[in-house]
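Trainee: Residue numbers (our numbering), protein chains in the order written: chain A, 1 to 204; chain B, 205 to 408.
No lab work stands behind these hints, which were simulated from the structure alone. None of the values given here were measured: they were computed from a predicted structure. Glycine included, every Cβ here is placed at the ideal spot set by N, Cα and C. Errors might be hidden in some of the hints.
What the hints assert, rightly or not - Using C-beta positions, here's what the derived DEER-type ranges look like:
| hint | chain 1 | residue 1 | chain 2 | residue 2 | range |
| --- | --- | --- | --- | --- | --- |
| 1 | A | E184 | B | S307 | 44 to 54 Å |
| 2 | B | K207 | A | S149 | 50 to 60 Å |
| 3 | A | A43 | B | A255 | 14 to 24 Å |
| 4 | B | A360 | A | N183 | 46 to 56 Å |
What the hints assert, rightly or not - Some chain B residues near chain A, calculated using beta-carbon distances under 10 Å:
| hint | residue |
| --- | --- |
| 5 | K362 |
| 6 | L403 |
| 7 | G406 |
Chain by chain, the residues:
2 protein chains.
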Amino acid sequence: MSKTIDFYFDYSSPFGYLASERIELLAAKYERAVIWRPILLGAVFKVTGQAPLTQMPLKGNYSMRDFARSAKEHKITYKHPANFPIGTVAACRATLWMRNHESESVSKYTTEFVHAVFRAYYVAGKDISDTAVVTQVASDIGIDCEQLSSAMNDQAVKAALRKEVENAIELEVFGSPMMIVDNEPFWGNDRIEQLDRWLAQGGW
Amino acid sequence: MSKTIDFYFDYSSPFGYLASERIELLAAKYERAVIWRPILLGAVFKVTGQAPLTQMPLKGNYSMRDFARSAKEHKITYKHPANFPIGTVAACRATLWMRNHESESVSKYTTEFVHAVFRAYYVAGKDISDTAVVTQVASDIGIDCEQLSSAMNDQAVKAALRKEVENAIELEVFGSPMMIVDNEPFWGNDRIEQLDRWLAQGGW
């Protein structure tokens with residue numbers, strides 16, 4: 001598959017989670033590959049002046065209803081984590097290391113790992129800001145944890161995440177999820193239907 | 205009709221316009237009355253720290269694409285106004301005066317006036333921040349303009365708008381459109397489908 005859907009997300013984003021559970025079906029429909037692009041919303045929010053939804057004045061209560069209703073709409077299990085929002089730098093580094101790995105024996109786990117991390121947080125209620133939890137999630141799906149642990153402390157991996165976030169900001173990625181196809185950006189779980197029509201029609 | 209859909213909006217909100225073109229069909233389906241509740245997003249943004257979409261860092265270009273795509277999705281004519289965003293205090297006062305008027309010979313125009321103002325701005329490209337334009341729009345649909353002109357300068361009408369905005373903020377209305385049914389809030393043109401399901405199912 002030569003064409004892609006670039007899927008920008010933060011693990012700390014409920015709508016990133018919901019969309020992650022739906023994007024592969026769409027990608028398969030149009031024979032596209034999903035490129036998982038973990039970013040840090042904290043860095044993005046420094047540019048936009050935004051804040052996590054639940055911490056925004058007037059918007060906190062609404063956000064919680066909206067998460068629950070949107071999950072129900074798509075029949076996706078969602079339990080709002082007790083610890084929210086959280087820092088996701090360890091999980092992001094692990095994801096990037098895997099995705100960019102030269103050996104297919106490691107990179108092949110990327111998609112499964114993304115889902116496993118999201119579900120550990122939004123279904124099992126695990127604190128994925130904890131490096132040990134991230135390592136456990138990886139171990140559970142068969143990833144070599146010694147390699148992963150050293151990767152999360154590797155300067156090159158840290159630099160790769162910084163670069164991924166910088167590139168995202170350069171592309172005006174301002175939230176999660178943001179899906180980019182052929183340079184056209186779609187923001188939000190609630191724009192997957194528009195993305196579907198866009199791909200069906202080949203643009204406008 | 206005893207049950208209502210409270211429709212909070214700012215005339216300067218493109219998604220408020222799109223939703224205004226769709227909400228009556230939904231209201232009719234569930235035999236509810238639409239209560240038009242014009243608010244000033246500027247006052248709301250002072251509380252939330254937000255800004256108009258097109259002025260937010262990273263989000264400006266995206267917003268323009270999103271307006272156009274969303275209008276196309278619903279087959280609604282949308283021409284992004286040259287002068288955007290604008291102050292809508294005159295149009296809001298006129299709407300409130302009409303809606304709250306004790307005489308049905310005036311209040312009956314409210315719905316038609318809301319649509320006429322929105323379309324003057326997003327279809328005909330008229331500057332509805334101008335009181336004279338608002339008066340002309342009203343005149344075109346048969347409203348007595350002398351009455352309207354004095355109403356827009358009436359202290360009671362000004363106070364009514366301030367009160368309407370205060371009440372909205374108290375209800376945690378943080379954007380446009382916000383639709384509230386039986387105390388359940390739905391934010392955004394893109395939540396009309398969820399609102400539809402909510403009304404169909406009588407809640408969760």
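Trainee: Now tell me, hint by hint, if it's right for this structure.
Mentor: Hint by hint, here is what the structure shows:
1. A:E184 with B:S307: 44 to 54 Å: The hint (44 to 54 Å, Cβ to Cβ) holds, given that E184 (chain A) and S307 (chain B) are roughly 51 Å apart.
2. B:K207 with A:S149: 50 to 60 Å: 58 Å, holds
3. A:A43 with B:A255: 14 to 24 Å: 20 Å, holds
4. B:A360 with A:N183: 46 to 56 Å: About 53 Å separates the Cβ atoms of A360 (chain B) and N183 (chain A), which means 46 to 56 Å holds.
5. K362: 24 Å, violated
6. L403: Not OK, violated: L403 (chain B) not within 10 Å of chain A, min 13 Å.
7. G406: 14 Å, violated
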